[in-house]
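Construct all of the structure, not just a fragment, from the sequences and the given hints.
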Amino acid sequence: MVNQKFPPLSDELTIYRAIVRETGWVDPYTKKIEAKAFKLRLKREPKPEETISAAFSPVEACNAYKGKTFGVIAIQVKDIRALGLDAVQTSINHIAIEKIPLNEKDATNFAILLAEKARLLD
Amino acid sequence: MDTILVPMERDYSSRKSYKNTDYNRNQSIINLSVASGEYMIKNLSNATIQNSNFEITKQHLFEIDNTDTDSEEVEDEWGAIRPTKYAWKLSLELLQQIFNQISTNFPLGFASLEENGGIELIWKNYLTKNEVRVSIPPNQNIDMTLYVRDIGNGKSEFYASSSFYQVVKALQFLHQ
Numbered sequence: 007m008v009n010q011k012f013p014p015l016s017d018e019l020t021i022y023r024a025i026v027r028e029t030g031w032v033d034p035y036t037k038k039i040e041a042k043a044f045k046l047r048l049k050r051e052p053k054p055e056e057t058i059s060a061a062f063s064p065v066e067a068c069n070a071y072k073g074k075t076f077g078v079i080a081i082q083v084k085d086i087r088a089l090g091l092d093a094v095q096t097s098i099n100h101i102a103i104e105k106i107p108l109n110e111k112d113a114t115n116f117a118i119l120l121a122e123k124a125r126l127l128d
Numbered sequence: 013m014d015t016i017l018v019p020m021e022r023d024y025s026s027r028k029s030y031k032n033t034d035y036n037r038n039q040s041i042i043n044l045s046v047a048s049g050e051y052m053i054k055n056l057s058n059a060t061i062q063n064s065n066f067e068i069t070k071q072h073l074f075e076i077d078n079t080d081t082d083s084e085e086v087e088d089e090w091g092a093i094r095p096t097k098y099a100w101k102l103s104l105e106l107l108q109q110i111f112n113q114i115s116t117n118f119p120l121g122f123a124s125l126e127e128n129g130g131i132e133l134i135w136k137n138y139l140t141k142n143e144v145r146v147s148i149p150p151n152q153n154i155d156m157t158l159y160v161r162d163i164g165n166g167k168s169e170f171y172a173s174s175s176f177y178q179v180v181k182a183l184q185f186l187h188q
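The listed protein sequences correspond, in order, to chains A and B.
Take the first sequence: its position 78, counting from 1, is numbered 84 in my numbering, and each next residue is one higher.
Take the second sequence: its position 154, counting from 1, is numbered 166 in my numbering, and each next residue is one higher.
Hint data in this document are derived by calculation from the structure and do not stem from the laboratory.
Check the hints yourself; a few may be wrong.
[Unchecked claim] If you want the footprint, here are the derived chain B segments under chain A, 3+ residues with CB under 8 Å: (1) 86 to 92; (2) 114 to 127; (3) 132 to 144; (4) 163 to 170; (5) 179 to 186.
Please read these numbers as outputs of a predicted model, since none were measured by experiment.
Note that beta-carbon positions come from the ideal geometry of N, C-alpha and C, so glycine has one too.
Pasting the structure below:
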C-alpha cells in the first residue's frame, strides 16, 4: 500500500489545489469554483487519472506547474469525507483525493459536489 | 493499487499522449474565425456586440484559446493548453445550431478546455442547480457526449454518444 507510512489527515485540515487554466476552472458568472477543477482526467492517455492531487500549502500546490497557475483552491478534508471520498497523504508534499469512481457520470457528479465545497483563495 | 500520478514528484512517464492531435497550433481561434469570414469578433470588447446569451456564451468559448502566446508548446503537466481545430469548429457549429433552434431561449453558458484538446460546453440553471455539459471531442474518431444533472429527481444522466437533438432537448429542459 502506498499510503501506510503517513498518518490519516485531520478532518480540520485545509488542502490546496492549483488552478492551471485561465478560464473554465472558475464559473465566469458566479466566480465560484467550477467542477472542472475537481474532474478526474479520464480522457488522459495512456491511462486515466485515478485521484485528484492536492497539497498542504498554496505554494506547494503551484510548484508542479512552474508558476503557470491562475489561483489556488482551498477545501477542507472533512467536506471531502462527507461526500464518501477520502483525502490521504501519498508523499511528503502530496495529497490524493480518492474513491472517486472512474466513470464520466460519477466523476462529474463528484466534481460538482467537491466544487460546491471549495473556495477560491483570496 | 495502480500508480498514482503525482505532479509534485515530476512523474511525466505517462504524459505526451496527444502528439498526433491536430492542435490549433500557432493560430488562434479568433484569427481562424476572422479568416473564415463567418465570425467577426475582432472587436469583442466594443459595444457593438449584442448583449445576448448567445454572444456571451460564444465569447467565453473564444476565451479558452491560448494561442496568442508565442509558445510552441501544446501540452503541459495538466494536458492540452489549447483546443484542437476540430473541437473549436464543432463547438462553434453546435452553438450556432442551438441558437438557430432556440434563439429566444438560448441559455447563458461558458466553455472549458479538456485535457485531450476537446472542449466542454457548460450550461447551468443557478436556481435549480441543474446542469447540462456537452463534451466536444478533439477529433472525429471520438463521440460527442452529454451530461445532464437534474436535482429535482436526484439523478444525473450521461450519454456516451450524443446527438444535436439530445443537446437541444436537454437545454430546453434546463430552464423549465
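Hint check results:
Counting residues of the segment 86 to 92 of chain B whose beta-carbon sits less than 8 Å from any beta-carbon of chain A gives 4, enough to reach three: the coverage restraint holds. Restraint check on the segment 114 to 127 of chain B versus chain A: 7 residues with Cβ-Cβ distances below 8 Å, three needed, restraint holds. Against chain A, the segment 132 to 144 of chain B contributes 5 residues with a C-beta closer than 8 Å to a partner C-beta. That satisfies the three-residue criterion, and the hint holds. Note: the segment 163 to 170 of chain B has 3 residues with beta-carbon separation from chain A under 8 Å; the three-residue rule is met and the coverage holds.
Using a Cβ-Cβ cut-off of 8 Å, 0 residues of the segment 179 to 186 of chain B lie near chain A, which falls short of the minimum of three, so the contact claim is violated.
When held up to the earlier numbered hints, the structure conflicts with hint 5 and nothing else.
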